[in-house]
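S.K.: Sequence:
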Amino acid sequence: MLLKLWQCWILKIKCVRMKKRRNFMAAEKSQQKMIYHFLLRQIKMGNYKSGDRFPTVKEIADHFNVSYCPAQIALKTLEKDGYVQLSKGKTAEIIWQPDETAEKTLDFEERRGVLKDLYESLCHFSPLSRLQGLSLMDEKQLAELEQLLTSDQEPLLFSLYKGFEVSLQPMKNQMLMYLFTDVDAFVGTVLVDRMKDVNDGQGDMALEKVRKYLLNAIRCIQKKEYTNGFEQLSQLSYYLKGFFDINQNEDGQCAQTEAFSWEPQKGRKRYCDDIAIDLICKINQGVYPVDSYLPQGRLLADIYHVSPITIRRTISILNELGVAKNINGVGTKVIFPGDRTILYKMKDMTMDRNLIQFLEALQILAITGESVALSVFPFFDENALQKIKEALKLKGDERSKIQTFAACLQAIVHCAPFAAVREIYSKLTLMTLKGSVLRLESTGDENIVWWAEMAERFENSLDNKDAALFSKTLFDLFYRSFCSTRKMLCEIGVEQAGLVAVPIIFK
Numbered sequence: 452m453l454l455k456l457w458q459c460w461i462l463k464i465k466c467v468r469m470k471k472r473r474n475f476m477a478a479e480k481s482q483q484k485m486i487y488h489f490l491l492r493q494i495k496m497g498n499y500k501s502g503d504r505f506p507t508v509k510e511i512a513d514h515f516n517v518s519y520c521p522a523q524i525a526l527k528t529l530e531k532d533g534y535v536q537l538s539k540g541k542t543a544e545i546i547w548q549p550d551e552t553a554e555k556t557l558d559f560e561e562r563r564g565v566l567k568d569l570y571e572s573l574c575h576f577s578p579l580s581r582l583q584g585l586s587l588m589d590e591k592q593l594a595e596l597e598q599l600l601t602s603d604q605e606p607l608l609f610s611l612y613k614g615f616e617v618s619l620q621p622m623k624n625q626m627l628m629y630l631f632t633d634v635d636a637f638v639g640t641v642l643v644d645r646m647k648d649v650n651d652g653q654g655d656m657a658l659e660k661v662r663k664y665l666l667n668a669i670r671c672i673q674k675k676e677y678t679n680g681f682e683q684l685s686q687l688s689y690y691l692k693g694f695f696d697i698n699q700n701e702d703g704q705c706a707q708t709e710a711f712s713w714e715p716q717k718g719r720k721r722y723c724d725d726i727a728i729d730l731i732c733k734i735n736q737g738v739y740p741v742d743s744y745l746p747q748g749r750l751l752a753d754i755y756h757v758s759p760i761t762i763r764r765t766i767s768i769l770n771e772l773g774v775a776k777n778i779n780g781v782g783t784k785v786i787f788p789g790d791r792t793i794l795y796k797m798k799d800m801t802m803d804r805n806l807i808q809f810l811e812a813l814q815i816l817a818i819t820g821e822s823v824a825l826s827v828f829p830f831f832d833e834n835a836l837q838k839i840k841e842a843l844k845l846k847g848d849e850r851s852k853i854q855t856f857a858a859c860l861q862a863i864v865h866c867a868p869f870a871a872v873r874e875i876y877s878k879l880t881l882m883t884l885k886g887s888v889l890r891l892e893s894t895g896d897e898n899i900v901w902w903a904e905m906a907e908r909f910e911n912s913l914d915n916k917d918a919a920l921f922s923k924t925l926f927d928l929f930y931r932s933f934c935s936t937r938k939m940l941c942e943i944g945v946e947q948a949g950l951v952a953v954p955i956i957f958k
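This note's numbering puts the first residue of the sequence shown at 452, with every later residue one more than the last.
Quick caveat, the hints were computed from the structure, so don't treat them as lab data.
Please note that the accuracy of each hint is not assured.
Restricting the straight-line Cα-Cα distance to at most 20 Å, the calculated cross-link-like pairs of lysine to any residue (SDA-like) are [claimed, not checked]:
1. K660 <-> L642
2. K613 <-> M656
3. K613 <-> H488
4. K660 <-> F609
5. K692 <-> Q716
6. K484 <-> D644
Simulated DEER-style distance windows between Cβ atoms [to be verified]:
7. I899 <-> I943: 28 to 38 Å
8. D832 <-> S893: 29 to 39 Å
9. L666 <-> D803: 32 to 42 Å
C-beta: ideal position from N, C-alpha, C; glycine also.
Construct all of the structure, not just a fragment, from the sequences and the given hints.
M.R.: Here is the structure:
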């Protein structure tokens with residue numbers, strides 16, 4: 452009997468190890484694809500020409516904050532596809548020469564459905580983000596950007612790429628930069644290739660149109676004509692989306708392929724720490740009282756949009772901190788509400804970078820929340836609406852505000868018709884957990900002067916199915932949350948909090 456139990460135990464361990472190995476390999480495969488597409492895009496943009504020195508494996512791995520393995524495989528794939536030549540003890544050399552007649556993306560037919568979804572989603576992110584970035588520039592910066600785009604000293608594609616990058620920098624939001632870097636790596640050369648296909652090989656015609664939209668937007672903003680500037684940026688987004696439009700009868704024929712994935716924080720991720728702090732806050736506020744049981748692991752995994760293994764690690768942390776205890780066959784029991792000592796036990800969680808990431812997530816929500824909510828509200832199901840209504844009726848202003856904030860994010864993540872919106876907002880939801888440490892001593896009963904009026908607006912929008920009112924109210928909540936958090940972080944001495952730009956409100 453003991454021998455059989457031992458064999459079962461060994462088999463279970465092997466299964467767990469195999470599963471971890473599969474997850475690890477899947478992550479590495481995703482990383483190498485991202486690196487491959489990014490480097491290929493750089494080569495085709497002319498950043499590296501034939502005979503130029505190419506980055507080493509170490510430089511590539513350091514840039515993407517990954518291990519050597521995915522970087523090395525990406526380089527070898529570039530060699531196999533005829534773009535670089537690898538020599539032992541030397542850096543890779545570019546051997547690819549542009550061939551205007553043969554330039555075509557082989558995987559477009561397989562990926563066009565995913566790419567259309569991505570560009571549909573970006574219509575709610577790109578124009579608003581770039582409008583904010585451009586509007587935060589002074590006259591000199593706008594003039595320099597205009598000169599970059601009108602100059603013919605660099606290839607037009609390179610100038611446009613640099614211009615798009617520069618337009619986001621004034622936001623001082625690393626997470627936002629990562630979003631558009633990941634989009635660029637995922638799309639690879641497909642957009643440029645589509646421009647050539649649609650224009651009979653004359654891709655520069657499309658690039659000139661992109662330049663025209665961007666220059667028009669810059670010139671409108673120089674004259675403080677923000678509405679016209681936004682209109683130009685919106686037209687640019689819809690123009691780019693048009694290269695991936697699919698006829699209704701073709702849409703269902705697109706093959707299932709790898710979806711867009713965004714990593715807002717590069718390197719090692721510890722979502723379990725963020726979730727643990729959020730659960731401790733909820734325990735302290737009475738959402739999960741002492742002697743009650745936490746929701747089952749699969750429910751928590753669904754709530755926080757993570758894997759079951761991340762939830763198991765979270766529960767393990769709560770056990771180590773003495774906040775909860777596993778009861779075999781029953782569940783995880785809350786045994787201690789938590790106090791200030793938790794901060795010292797998890798001091799690495801309160802590092803400035805985590806709080807800056809929380810602030811950056813709030814900034815993105817404040818910029819994009821109204822547009823996203825306006826488009827997704829008609830798709831809210833009864834369950835999502837009910838969760839928001841329940842949160843609005845909770846006693847205690849702080850408790851009701853936090854739960855309403857979370858319920859609205861959950862509604863968007865679960866009901867958005869576009870996969871890329873769901874992906875981006877699910878990651879933003881995880882990033883907002885990094886701010887939970889600021890609420891460790893909150894009871895949830897704190898009074899908020901403006902909450903009663905805002906809650907009433909939320910209720911009216913839900914009762915009347917008013918998408919415009921709901922989206923404007925949600926923007927108000929996101930914007931106030933950003934401003935109050937930024938002020939608090941500046942007051943407690945968190946470096947760089949004051950650099951994260953306050954979103955401009957356009958009338």
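S.K.: Now look at each hint and say whether the structure bears it out.
M.R.: Hint check results:
Straight-line distance between C-alpha atoms of K660 and L642 comes to about 14 Å, which keeps the hinted pair within the 20 Å bound. With a C-alpha separation of about 19 Å, the suggested pair K613 and M656 falls inside the 20 Å cut-off, and the hint holds. Taken as a hint, the K613 and H488 pair is honoured in the structure, with Cα atoms around 17 Å apart against an allowance of 20 Å. With a CA separation close to 15 Å, the supplied pair K660 and F609 stays within the 20 Å bound.
Under the criterion of a C-alpha separation no larger than 20 Å, the hint pairing K692 with Q716 is inconsistent with the structure, at around 27 Å. Pair hint K484 plus D644 holds up; C-alpha atoms about 18 Å apart against a cutoff of 20 Å. Between I899 and I943 the CB atoms are about 20 Å apart, so this pair departs from the stated range of 28 to 38 Å. For the pair D832 and S893, the beta carbons lie near 31 Å from each other, so the given range of 29 to 39 Å is met.
With their beta carbons about 38 Å apart, L666 and D803 fall inside the hinted range of 32 to 42 Å.
The structure fails to meet hints 5 and 7 from the earlier list, while all remaining hints are met.
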